[in-house]
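Visitor: Below are the chains, spelled out letter by letter.
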Amino acid sequence: MASKQPDVKDFVDRKYEHGFFTDIEADTLAPGLNEDVIRLISKIKGEPAFMLDWRLKAFSHWQTMQEPDWAKLERDAIDYQAISYYSAPRSSADAPKSLDEVDPKLLETYDKLGIPLHERARLAGVAVDAVFDSVSVATTFKEKLAEAGVLFCSFSEAVKDHPELIERYLGTVVPHRDNFFAALNSAVFTDGSFVYIPKGVRCPMELSTYFRINAANTGQFERTLIIADEGSYVSYLEGCTAPQRDENQLHAAVVELIAEKDAEIKYSTVQNWYPGDEEGRGGIYNFVTKRGDCRGDRSKISWTQVEAGSAITWKYPSCVLRGNDSVGEFYSVAVTNNLQQADTGTKMIHIGKNTRSTIISKGISAGRAQNAYRGLVKIFPTAENARNYSQCDSLLMGNQCGAHTFPYMEIKNPTAQVAHEATTSKIADDQLFYCRQRGLREEDAVNMIVNGFCKEVFRKLPMEFAVEAQALMNVSLEGAVG
Amino acid sequence: MLIEIKNLHASVNDIEIIKGLDLDVAPGEVHAIMGPNGSGKSTLAQALAGREDYVVTEGSVSYKGQNLLDMEPDSRARAGLFLSFQYPVEIPGVSNVYLLKAALNACRKEKGETEIDAVEFMRFIKDKAKLMELDEKFLSRGVNEGFSGGEKKRNEIFQMAVLEPDLAILDETDSGLDIDALKVVANGLNAQRDGQRSFLLITHYQRLLDYIEPDYVHVLADGRIIRSGGKELALELEENGYDNILAAAS
Ligand SMILES: Nc1ncnc2c1ncn2[C@@H]1O[C@H](COP(=O)(O)OP(=O)(O)O)[C@@H](O)[C@H]1O
Ligand SMILES: [Mg+2]
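Sequence lines, in order, name chains X and D. Just so you know, we're using our numbering here: the first sequence kicks off at 1 and counts up by one. Just so you know, we're using our numbering here: the second sequence kicks off at 1 and counts up by one.
One should not assume that every hint holds.
Taking beta-carbon pairs under 8 Å as the criterion, some of the chain D residues facing chain X (in silico) [claimed, not checked]:
1) Arg51
2) Val89
3) Ala103
4) Gly142
5) Gly146
Restricting the straight-line Cα-Cα distance to at most 25 Å, the calculated cross-link-like pairs of lysine-lysine (BS3-like) are [to be verified]:
6) D:Lys130 to D:Lys183
7) X:Lys455 to D:Lys183
8) X:Lys426 to D:Lys152
9) X:Lys160 to X:Lys199
10) X:Lys160 to X:Lys57
11) X:Lys455 to D:Lys137
12) D:Lys126 to D:Lys137
Keep in mind that the hints were calculated from the coordinates and are not lab data. Note that the Cβ used here is the ideal one computed from N, Cα and C, for glycine as well.
With the sequences and hints as input, model every part of the structure.
Guide: Here is the structure:
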């Protein structure tokens, strides 16, 4: 972090020369996007030339692209020239010094979610050096990983320390021209996470951004790259159940996973960005591109996600099943309340022989929310004996919300076996009445039924995450019935 | 009296089904309510349990001295009113024991008792499951998920045994059971007759009453009780069928 300071200062000093900086708060770029901004970002970060070239290619392609327009999502237009594309990591000087200085309402929510005490401080943005626990935990954690040869660091550090890995893998799963938001991310992303698991190594612990010091402020354009080399295994956790606020309305992250021969990656997400108020004001637009490449034979990638936050969620964590006998999995719970909108699902692209994929999607809508599952199962002519099983269940609470299912299939090999099941149910009055007749209060009965509905997905989450996810469900649907 | 029902009228979808029904049940009594299909037996049970769509339009129900009709369905349950459903619903993903433990703890909390922990709870329910000949596998399965008709009914009585209510309303718990299952259910019920607990046995057939002897039998027809008597009334019904009694009453 220290090494960045001079760079920031450097461009701040030159602000009059280029004329696109505000003269306030020295370390934030003025809103606006052009090639100079991208050059600056790359320079501030001290990137090698290949990175700048790549960003510029992405940018020039982005300029030719149309922002997607999805029938099922309603939103205000985004003004890309009104966004500031770089903010220096904030110093901890103005962060709260202890939990006593944190909004009691936020603490109350942490309490409801059962977030451990030592995590609350970090989540509430208490200055890291004031959070003794997490620092010491993180240090022992780093040592253990180093012993195993696992690389786990911020994207910026990886660009500096392991440029050869970045150059070899970056953009090989989600190319810079993939889609509008991925192209934008490629041009302007400022940080994110990097993981490399060497051949034959089973990562000794679950990796979570929580343990990556200076994970804060990775900003609205985050980029994650995870590489599991031959025969390795890693489980990665992203996000947390605690509500996260952010001044930035647009979040356009990209996640790329690469599983080489016999490698396995398990990627779990709990997303709880601020959804906006009951009228939908001020919520986050969460437009994410996540894709995994099962590059080697017998490799496996599974995505598990619990999507509870954001005003709009648009994401389709996907698997490209290139290796023979490779396996892709997608387990998802998406819950929308009030005016939230979620359009989520997956793509399973079967290329290799005997590739298998499983899709379990659970959508829950309450209030006036809209929840759509959109999935593609594509079987290439080369994919002999490919198999897919998809199950999409929707649960509606009340009469004003909606659930929509769009399963697409393209099957180019006659040996494929593809099965799709879909159900839509109302949170049935008779189930609710049954539970209440046994003595449960209405709210508890709803929580119990919803958690039962999500169980298949929750059980795929790492243990401590699963408990939190269940609590999150209850908090997210508070007041949805009654 | 445990429960006093006076001139009860109840409608479903604006159609009056219960048309002025009076019934008193004292602690420890077993009342059988018999009647042809469509006479309103289930409607009575649901209305007493507080199901929303079953609207009471007239009359009063006093339960333990309180106005039952003012209470939420879950408060009624926590106050010791239990309904064994004619058609128990399936709740996928919610395990039988999980629901039951939450229910038991809700009831205990209401009474100011401490919550029971998982280990203690498993010990507590073990014998009761055995009594109802419910395999332990059933306990961890989703509530009624994939249970056969007979298993669902045994599960209802098992839940009742765990929750130990003061008034148990059993809506056709005997229908759809073969003779062995019927015996198991009857055994379970008899084990819970302790001189204090009261039962409202709703049944279409008299055969359950061969195993559980009622103190009173009432015949329900078209939303009213048209005849009441002792257990011999059930035998009379068995012999002559509903038609004679209905004809005599009209
Ligand atoms: N949910 C409902 N909607 C409409 N009609 C109903 C409903 N429930 C019961 N009924 C009607 O009320 C009458 C009594 O039904 P019910 O109480 O189930 O009778 P029983 O249990 O004695 O067979 C029947 O005519 C039935 O069709
Ligand atoms: Mg009935």
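Visitor: Hints first: check each against the structure and report whether it holds.
Guide: Taking the hints in turn, this is what the structure says about them:
1. The beta carbon of D:Arg51 is positioned within 8 Å of a beta carbon in chain X (closest approach about 6 Å), and the interface hint is therefore held.
2. With a cut of 8 Å, the hint placing D:Val89 at the interface with chain X holds, because the nearest CB-to-CB distance is about 5 Å.
3. Because the closest C-beta pair between D:Ala103 and chain X is about 4 Å apart, less than 8 Å, the hint holds.
4. Given hint, D:Gly142 at the interface with chain X, holds; its Cβ is 7 Å from that chain's nearest Cβ, closer than 8 Å.
5. Given the 8 Å rule on beta carbons, the hint for D:Gly146 is violated: about 14 Å separates it from the nearest Cβ of chain X.
6. Only pairs whose Cα atoms come within 25 Å are accepted, and D:Lys130 paired with D:Lys183 is accepted, the gap being roughly 14 Å.
7. Distance hint between X:Lys455 and D:Lys183 is unfulfilled; the C-alpha atoms sit about 36 Å from each other, more than 25 Å.
8. Annotation: proposed proximity of X:Lys426 to D:Lys152 holds, straight-line Cα distance about 22 Å (limit 25 Å).
9. This hinted pair checks out: X:Lys160 and X:Lys199 have alpha carbons roughly 22 Å apart, not beyond 25 Å.
10. Taking the CA atoms of X:Lys160 and X:Lys57, the gap is about 21 Å. The hint holds against a cut of 25 Å.
11. A hinted pair counts as satisfied when its Cα atoms are at most 25 Å apart, and X:Lys455 with D:Lys137 qualifies at roughly 18 Å.
12. Between D:Lys126 and D:Lys137, the direct Cα distance comes to roughly 12 Å. Compliance with the 25 Å bound is thereby established for this hinted pair.
The structure does not agree with the numbered hints 5 and 7 stated previously, though it agrees with the rest.
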